[in-house]
Each structure stands twice: as structure tokens, then as C-alpha cells.
Amino acid sequence: MSTAVALPAEITGAGRRRRRGSWLISACLVVVGVVVVMAVFGSAIAPQDPNAQNTFFILARPSGAHWLGTDSLGRDVFSRLIAGARTAFLGPLVIAASSMLLGNLLGLLAGYRGGRTDALIMRWVDLMWAVPGLLLIIVVAGALGSGYWLAVGLLIVLTVPFDTRVVRGVTLEQAPRPYVEAARTLGVPDWRIMLFHIWPNVSPVAIANAFLVFAGSLTSLAGLSFLGLGVAPGTPDWGLMLSEGLQDLFVNPIAVLAPGVMIVLTATSMNLIGDWLQERLSSKGAAR
Amino acid sequence: MTARGWAFFLARRLAVLALLLVVVSFAVFSLLYLSPGSVIDTLLGTNPRTPAELSYLTSEYHLNQPFLTQYWIWASQAVRLHFGNSIQTSLPVTSEIRQRLPVSLFLGVYAYILTVLLGVGLGIAAALRRQRLADRGIVGAAIVALSTPAFVSGVFLIYLLGIQVRLFPVAGPGTGFFGELWHLTLPAVALALTATAYLVKHTRAAVIGVLDQDYVTFARARGLTASRVLTGYILRNALIPVVTMSGLILSYVITGAVLVEDTFSLPGIGQLLVQSATAKDLPLIQGVAMVIAVVIVLANLLADVALMAVDPRIRLGRGSR
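Protein chains in written order, with the working numbering: chain A, 807 to 1094; chain B, 307 to 627.
For the record, the hints were derived by calculation from the structure and aren't laboratory data.
Keep in mind that this is a model prediction, so the values were computed, not measured.
All residues carry an ideal CB built from backbone N, CA and C; glycine is no exception.
Careful, some of the hints might be misleading.
[To be verified] Far from chain B by the CB rule (all over 12 Å, computed), these chain A residues:
1) 851
2) 880
3) 904
4) 920
5) 922
6) 995
7) 996
8) 1002
9) 1045
10) 1053
11) 1087
[To be verified] Stretches of chain B that chain A covers, calculated by requiring three or more beta carbons in the stretch to come under 8 Å of a beta carbon on chain A:
12) 455-461
13) 585-593
[Stated by the list, open to error] Computed list of chain B residues with no C-beta within reach of chain A, every gap over 10 Å:
14) 315
15) 369
16) 404
17) 529
18) 582
19) 608
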């Protein structure tokens, strides 16, 4: 089984600290909730228009009118931070959901069918495993032209093997169990066994994994935008805000540090929630 | 494993790697045809479209030959490290890469050393103080570090140690060995952070697994000193994740280097890749991509060989098959 599944439980101290850690999880849920609200409503709840430029008021320090100051074009940093949640949330959500769907199907297939199907799928997974994703996206962006949704598409392809490997590992554990054998004896079709009998037992790991994938894609997409190969110039996006503000780090550091903090907070929360969910769901007796 | 077994293993791995590089090189060559517009347009870039230039490009890239012949000519040139000329600067791609390689290598090796030292050290420390404050602190920091991309940690480091406390320079590669060491400290720390966190996790798990083994209890019962137990039993097992994960760590370091070089304005390979991708300078992209692919493939081979040398279980397991 992949270490990516076994270790988060190890690092959170496997249940012993669950009661003590619950405030931490609540905090993480609050962070994610705030980000979701920001992503859904975006500029509608921002105090000012995130794209409105005010050349008389550039690089202002935080004040009552501009809570986090303004950037080099006089745009309100706080409003851009709120509007920027959309690209930080939507892309990773699409990636985590699609990669979970495809990865689960392939993983179930490989683990349940075994034999040549398994060998073929896993050979492909091993090949993709060694590919440094961000570099591949940069190279492709150089040839095809960069774009946010191109990066999202490539990241889906690159993360499917990750889900596949994890799900296959759990499926391999479940496939020889008596309940599978019983279903097969009753003549239940294979796809039904995979989806309705085995998958519910795989789902805790799969769902927890989706949160880890979300965190990983969030940082990858932000990194691409930081390099100027993600979202279009001018879009409010945390990664892009970091690179835009970098040369003004001396003048208005908050404008650069705030999006950085948002990236770290959101990714950490997602990772912790993923670990916690896996622990919760698997301790209810679903998996193992 | 016998010498013949080693030779067989190496030959088989090298054959697979060669095949892999052929596939990668084919994909990298095809980028020229995948990019929108005609190949001539791509190669022209923003240069003026004159008949002389057109005929030069056609003969230089053998565009009147069939696709596979073009690939063959390109690949045989690439083996000799000729990737054509950069569209932007019209300098040979190879000299551009050679100029940038030292900074990236220095940064990569520096970050790798930091990763191994910090990762193993903190991982062992956390495992030995399991469930105590130090362990919680290290594990908590590792979770945050795992979620922090290299460019964000880079910016934080610049702000904290470059601007608030003016300890380190914030941009440029520096000159001389110590100058470089000095200038590249912050980038190397930023680069090492994520991989270190990963290594801490794995080392901690490995050491905890060993601590509960009977042979460690027995070694203690025999009255061996704590340091003897640590070096002879625990450290040996703690080093296995370092070796098994070195391929992954390298992949982290190379990917992170692209972000970190951009953050700290370091003239390295990663910055070159981003610049060439932004400018759609395809010959340059192809050259850099091939160099990085070769580095990753070779490093993975090295990691496998090292793992077999370090862990007799794997060596014997494969040899007996």
C-alpha cells in the first residue's frame, strides 16, 4: 500500500490525540468555510472592486479604507485576496473531483480484476510517478501557450495515478474478503461488486486522498500563476499577487505576505482535514 | 549478490532507461509540431520573416525531410548536446544551459544536503521523544511545511531574514565559493523545506518501527550504550527512507528550484526554463527539458543502486529471484 495513506495517520498520532486535536480540526473547517464563502461570492462580498485601479493611492500601507493596503496599481489588496479565492478553490476542486472519479475507477479495476489489467494500469502509474508534474506543465505551456484550465487538465492527468495507486492498494486488501466472494457466488455482476460492495470500504481512503490532492493542486496552481504561466495577467489570484508584489516587498509587505499566508493556511487545513477524515472514517469500521 | 548478478541488474536497468529517454526525447521533439501555428512560425518567433531566414531555418531544422528523419537528425545532434540556437538570443542552447548550470547545481546540492541532514536529524529526534513536546512541535511544523510551496516559503524567508533582520542577501547568486554559499543559503532553505518535512515524516515512522523491535530491546538489555544502539541499530534503519526516497526528493528539489530561482532572481536552469516557456523559445525549452530528464533518470538509477548497496534485504530478494 502506498505510504501516502499509511503515514498521515502516523503523523497525527493515530487517534490518541483526537480529542485534543478537535479544536484544530474546527479551526481548519472554519478556514476552509471562509475560503468557500470567498470563492462562491468573490467580488460581491469584497469591500471594493478588486480590479479598480487608483493611481493616486499606490502601495499604501494598511488603513481603515484599505485593510491590507494597496498594490502597485492602487488596487485594494484585501478585495483581491477575497476575489482570488475563486481560482485557488475552483481548479483544485475540479482536479480533486475528477482525479478521484478516474483514479477510483482505475484503482478498483486494477485491484479487483488483477492480471493483465492490473499490470497494464500499474505500469502506466509507475511511469507517471516519476514525472515532475510542475516541470511538465511548464514545458507544455511553453509549446502550447499557458492557461489556467490547461494546467488544471494536465494536473488531473498527473494526479490520477496517485489516486489509482492508493485505491488499488485498498481494493487488493478487500478483494479476497468473504463478502466479495459471497456476492460473486450470488451472481452479482462484477461492476456492481466493485461499485456497491467494495467501493464503500475503499471510500474513506479515497475521500481523505481527495483532500490531499486538493492541497497539492492548490500549491501547484498557485506556483504556476506565480511563474506567470497560470492565470491571465490582471486576474486576482494568490499566486500571481505574490509575484506582482515581490518587488514591493520593502514598501508594502502585507500585500505579498497575505496571499502567501492564505495559500499555506488553506493547504494546511485541507491536509489536516484529509488526515482527520481518514482516521474518523476508518475507525468507524469501514476500512480494515 | 554476485558480480554477474550486479552486471545483469545494471544492464537491464540501463536498457529500460535508454528506452525511457528515447520516448522522452520523442515527446520533447514533437513539442515543435504540437505548438500552434506552423513550425516555421514557431521557430521564427518575433524575428522578421525574410526569405533568407526561411531558407536558413528550413535547412537548419531539415524541415523538407519527413518527420521521423527530422527526429533522427535532431536526436543524433542532441546526443552530442547540440540543441540548435535559442530564438530569443540566437546563442547556442548548449552554451546558455552551460552558463546557468553551476548555480542550479550548487543550489540543488546545497538543498539536498540540508534536506538529508535536517530531515534525518529531526526525524530521529521526533521519534526518540515520541508523544512529547519536541515531537509534537516537529510533526506540526512538518505538516505546515508540507503544505507550503517553495515560493511562499522563499518570500517569507526574504521578508524575515532579508528585510526584517538583515542577515542574508535576498537576490543574486554571489561570487566565490563562500559568497555563493552565503547568497544561496536562503534559497536552499526554502527549497529544502518541503522535502525535509517529507523526510522527517518517513524517518520518524521508520525509527519508531525500529524502536519497538525486539533486537533493540535486547541490545539495550545487553547493556550497550545509548549511542551504540543509536548508531548501530537505529541510524542504519533510519537511513533507508533517505535512500528509497532520494528519487522523490530529487524530483521535489528540481521542481522547487524552478520556483525558488524565480523568487530569488537566480540565473539558473529553472529560471531559464520559465523564461523560455514564457517567450515560447522552443529550442531552448527542448534543450532544458532533455537535460532535466537525463538528470532525473540517472539520479533514479543511482538511488536504486544505492538502495541495493545499503539494504541487503532488497539485494538478496532480487538476487534469489
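These are the hints, each one checked on the structure:
1. 851: Fine: 25 Å to the nearest Cβ keeps residue 851 of chain A off the interface.
2. 880: Fine: 22 Å to the nearest Cβ keeps residue 880 of chain A off the interface.
3. 904: 22 Å, holds
4. 920: Since the minimum Cβ distance to chain B is about 20 Å, residue 920 of chain A lies beyond 12 Å and the statement holds.
5. 922: 20 Å, holds
6. 995: It holds; residue 995 of chain A is separated from chain B by about 37 Å at its closest Cβ, greater than 12 Å.
7. 996: 32 Å, holds
8. 1002: 34 Å, holds
9. 1045: Since the minimum Cβ distance to chain B is about 8 Å, residue 1045 of chain A lies within 12 Å and the statement is violated.
10. 1053: 10 Å, violated
11. 1087: 19 Å, holds
12. 455-461: holds (count 5)
13. 585-593: Coverage by chain A holds here, the residue count being 4 at a Cβ distance below 8 Å.
14. 315: 17 Å, holds
15. 369: 17 Å, holds
16. 404: 20 Å, holds
17. 529: For residue 529 of chain B, whose nearest Cβ neighbour in chain A is about 31 Å away, the distance exceeds 10 Å, so it holds.
18. 582: 6 Å, violated
19. 608: 14 Å, holds
Violated hints, listed in ascending order, are 9, 10, 18; each of the other numbered hints is respected by the structure.
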